[in-house]
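Chains A and B, in that order, are what the protein sequence lines are.
The working numbering numbers the first residue of the first sequence as 1 and each following residue consecutively.
The working numbering numbers the first residue of the second sequence as 620 and each following residue consecutively.
Any given hint could turn out to be false.
Taking lysine-lysine pairs in the DSS-like style, the calculated list, with each CA pair at most 30 angstroms apart, reads [as the list claims (entries may be wrong)]:
1. A/Lys352 with B/Lys621
2. A/Lys249 with B/Lys621
3. A/Lys169 with B/Lys621
4. A/Lys31 with B/Lys621
5. A/Lys352 with A/Lys341
6. A/Lys360 with B/Lys621
7. A/Lys410 with A/Lys260
To be clear, the hints were calculated from the coordinates, so they are not data collected in a lab.
Take a look at the letters that make up each chain.
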Amino acid sequence: MGKKIGRIIFLFFIISNLLFAKEVHVVLRAKRYSYSPNIIEVKKDDLLILRFISEDVTHGFFLDGYGTEFYAHPGEIREIIIKANKVGRFTFRCSRTCGEFHPYMVGYLIVTPNWHQHLGFLLIFLFGIFSLVLTITGKQSPQNKLFWKIPLNWRFELTKFKWFHSIVKSRFFPLIPIIVNLFIFTVIIFAAFVGGFQPGNYNFGIMIVWILWWSLLMLFMVPIIGRFWCMICPFPLFGDWFQRGSLVKVKRKKLNGMNKKWVRNLRNLWPLVILFWITTLFSGFFTVRPFATFLLLAAIIIGACIIAIIYEKRTFCLYICPVSGFQGLYSNFSMTEIRVKDPEICKNHRTKDCITGNDKGYGCPWQELPFDMNRNTYCGMCFECIKTCTYDNMAFNIRPPGVDFLNPRKKTDDLYKRRDLDEAFKALTMLGIFLTFFLAFQGPFQYFKDTIRAITLPKFLTYILESAFLDFVFVPLTYLFFVFISKKLSGKRDISLRKIFVEYSYTLVPIGLAVWAAFSLAIILPNGSYLWHIISDPFAWGWNLFGTARIPWKPYLTNFLPYLQIFVLIFGFIFALEYGYKFSRNLYKNEEKAKKGWIPILIYLILLNLFFVFIFLGG
Amino acid sequence: MKEIIGIFLVLISTIGTLLGIFFYENSREKSDTFTIIAMAPERGNWDPEVLKVPAGKDITIIIKNEDVVSHGFIIPELDLFIREIKAGELSKIKWRFEKGQYLYMCGIWCSDYHMYMIGKIIAK
Numbered sequence: 001m002g003k004k005i006g007r008i009i010f011l012f013f014i015i016s017n018l019l020f021a022k023e024v025h026v027v028l029r030a031k032r033y034s035y036s037p038n039i040i041e042v043k044k045d046d047l048l049i050l051r052f053i054s055e056d057v058t059h060g061f062f063l064d065g066y067g068t069e070f071y072a073h074p075g076e077i078r079e080i081i082i083k084a085n086k087v088g089r090f091t092f093r094c095s096r097t098c099g100e101f102h103p104y105m106v107g108y109l110i111v112t113p114n115w116h117q118h119l120g121f122l123l124i125f126l127f128g129i130f131s132l133v134l135t136i137t138g139k140q141s142p143q144n145k146l147f148w149k150i151p152l153n154w155r156f157e158l159t160k161f162k163w164f165h166s167i168v169k170s171r172f173f174p175l176i177p178i179i180v181n182l183f184i185f186t187v188i189i190f191a192a193f194v195g196g197f198q199p200g201n202y203n204f205g206i207m208i209v210w211i212l213w214w215s216l217l218m219l220f221m222v223p224i225i226g227r228f229w230c231m232i233c234p235f236p237l238f239g240d241w242f243q244r245g246s247l248v249k250v251k252r253k254k255l256n257g258m259n260k261k262w263v264r265n266l267r268n269l270w271p272l273v274i275l276f277w278i279t280t281l282f283s284g285f286f287t288v289r290p291f292a293t294f295l296l297l298a299a300i301i302i303g304a305c306i307i308a309i310i311y312e313k314r315t316f317c318l319y320i321c322p323v324s325g326f327q328g329l330y331s332n333f334s335m336t337e338i339r340v341k342d343p344e345i346c347k348n349h350r351t352k353d354c355i356t357g358n359d360k361g362y363g364c365p366w367q368e369l370p371f372d373m374n375r376n377t378y379c380g381m382c383f384e385c386i387k388t389c390t391y392d393n394m395a396f397n398i399r400p401p402g403v404d405f406l407n408p409r410k411k412t413d414d415l416y417k418r419r420d421l422d423e424a425f426k427a428l429t430m431l432g433i434f435l436t437f438f439l440a441f442q443g444p445f446q447y448f449k450d451t452i453r454a455i456t457l458p459k460f461l462t463y464i465l466e467s468a469f470l471d472f473v474f475v476p477l478t479y480l481f482f483v484f485i486s487k488k489l490s491g492k493r494d495i496s497l498r499k500i501f502v503e504y505s506y507t508l509v510p511i512g513l514a515v516w517a518a519f520s521l522a523i524i525l526p527n528g529s530y531l532w533h534i535i536s537d538p539f540a541w542g543w544n545l546f547g548t549a550r551i552p553w554k555p556y557l558t559n560f561l562p563y564l565q566i567f568v569l570i571f572g573f574i575f576a577l578e579y580g581y582k583f584s585r586n587l588y589k590n591e592e593k594a595k596k597g598w599i600p601i602l603i604y605l606i607l608l609n610l611f612f613v614f615i616f617l618g619g
Numbered sequence: 620m621k622e623i624i625g626i627f628l629v630l631i632s633t634i635g636t637l638l639g640i641f642f643y644e645n646s647r648e649k650s651d652t653f654t655i656i657a658m659a660p661e662r663g664n665w666d667p668e669v670l671k672v673p674a675g676k677d678i679t680i681i682i683k684n685e686d687v688v689s690h691g692f693i694i695p696e697l698d699l700f701i702r703e704i705k706a707g708e709l710s711k712i713k714w715r716f717e718k719g720q721y722l723y724m725c726g727i728w729c730s731d732y733h734m735y736m737i738g739k740i741i742a743k
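Here chain A stands alone, though its shape is the one from the complex (with noise of 0.2 angstroms):
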């Protein structure tokens, strides 16, 4: 009896789903580099039915969180259906190497109520509301503690232990570090030269710089270590030699080359946020022509030999290096330090070994003044502070993150007109980078593809002027809009607007990272696969060194990528909003100014998010 019900029941449901679900034919054209049409929307339970047709070569289809996997040849028609029974927003990426731009071909299928999206707006307003709340009970935390708990001068110091100690006062470190790292890179370099101009997605070069190094970059070395991607760069290993005239002891003589001092006025972030900007241009080069990245990466090595001959001491890192303007800026929000553990030996301490340099190391490279230092932005961590110092005195901390946001100025921040415009610039740039990589590389839209890939003149010509406006017009204007509120609002009227605007702009820097680490999930979980291949054969030769040259292509956990993806933006904002109010107290000293004039920043920061939240789940 109980047997016969259930099999009704069973049958009862099967002939509901037939009757109630809806069919939703869609005939799905692949064309390089997108697909048409580019977001499909169904909804829940809804059945789609994708007759998929290849219009130039020969195309794939794999969808997120359902698994779903096929392909067409060029004229073959393919039909598929797929039961739309998981909610959210699902990239589908082609499978099958079509071309330099394969692994960025994407497509959204978006099967409604969209909860991912729901579930990040109403987390981001609920932090925001938070926010506010505390704001107008003026029950925010203390200004020197982090969420009302965590003390920021609090440091666990890594160099009391003998082990460690001794490692960083070694003349062999960081360059045993820096003589591996020289290793991966003449196999990516040669990869890189060998691979031409094919597609790179085989590509030891491509695969190595622009998805792993960028992913661990953005989601682990910045964000925790800092520069430490500075420490083992094996890029101005040379130049350093020529300088030293000795790769590991210490000479005790003038270093060679010419010396010349940098431009004072040009001694903080500008040239590295404009030549960022410049470097991003051709990234719809860089990241799919092994040919490029060789380019790239000779002139980066040409350029740091180059300056080093000219330029004295580590002037190619600090000002020209395209990707250490916002390691700088970002390492400020970092969990390390290196800093001074008791400034009144410093100050009874003459002959200041740390900059001059002794038998032990040599003078700081990155003409910091390590007895002086409060922040991460100039500071590579080359440990060479560590060994020249007589005392000791200099430590390597472990700190709540962002404590450097609050640090004051220094004599040397007004001198070369640091910590202003400039850092400022670099945050907000960063954000518009951002949204022109998203539209390229991970969203659906050909026309963005077409013009970062400078397919005619005049489409790299917009390119160029639709970058430069977003990144420099659209969205500082955007941002200076709330700050000229703030500044109206507070009634504090002794106070430029400028310092304002360079003061909230380090609520960017944890939401910068955070929708760089996002961006970079997306990048590292569909295409993490291709590291199997390209480790075994590099060369693309047939090589079969660790026996997983055959691993085919399959993306990893992209089911759990929107939730990663929200956890990332939340943490960020959730910072922003943190350091955010300190810097309203730091700007307008009363606490009753800092409310009012917070208020229309955090408006800002939680528009900013839901937009963020949208495009990377929304739609």
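Put chain B on the given structure of chain A with help from the hints.
Showing chain B alone in chain A's frame:
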């Protein structure tokens, strides 16, 4: 001494790596290995279109698809075929050719000119 160790390590990681790559590549059974690059006719066709191999000897042919569509590899006379080589991937066949000429062609509809994608193996 430290200085020498440092310089030695730098040389190994750069020049040593490059030498290692060439040494490894050359030590693979090269003399019996031939490579054919598969490209649709409008993008250059098979490369080489005529492949000369020694007869009566075990040889390996690597078919490398550098194209953006899938290709196949068929030698009808020997009933020898690789159903599909995806774009960017490569396949190997091992075979002992008798003296003679063998046509080889693509086995997948890869472009409008698919039927012109023909090459020849000459074994002597």
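Hint-by-hint comparison with the structure:
1. A/Lys352 with B/Lys621: holds (27 angstroms)
2. A/Lys249 with B/Lys621: holds (7 angstroms)
3. A/Lys169 with B/Lys621: holds (15 angstroms)
4. A/Lys31 with B/Lys621: Given pair A/Lys31, B/Lys621 is violated - Cα atoms ~58 angstroms apart, limit 30 angstroms.
5. A/Lys352 with A/Lys341: holds (15 angstroms)
6. A/Lys360 with B/Lys621: holds (14 angstroms)
7. A/Lys410 with A/Lys260: Given that 30 angstroms is the threshold and the Cα spacing comes to 24 angstroms, the pair holds.
Checked against the numbered hints listed earlier, the structure breaks hint 4 alone; every other hint is satisfied.
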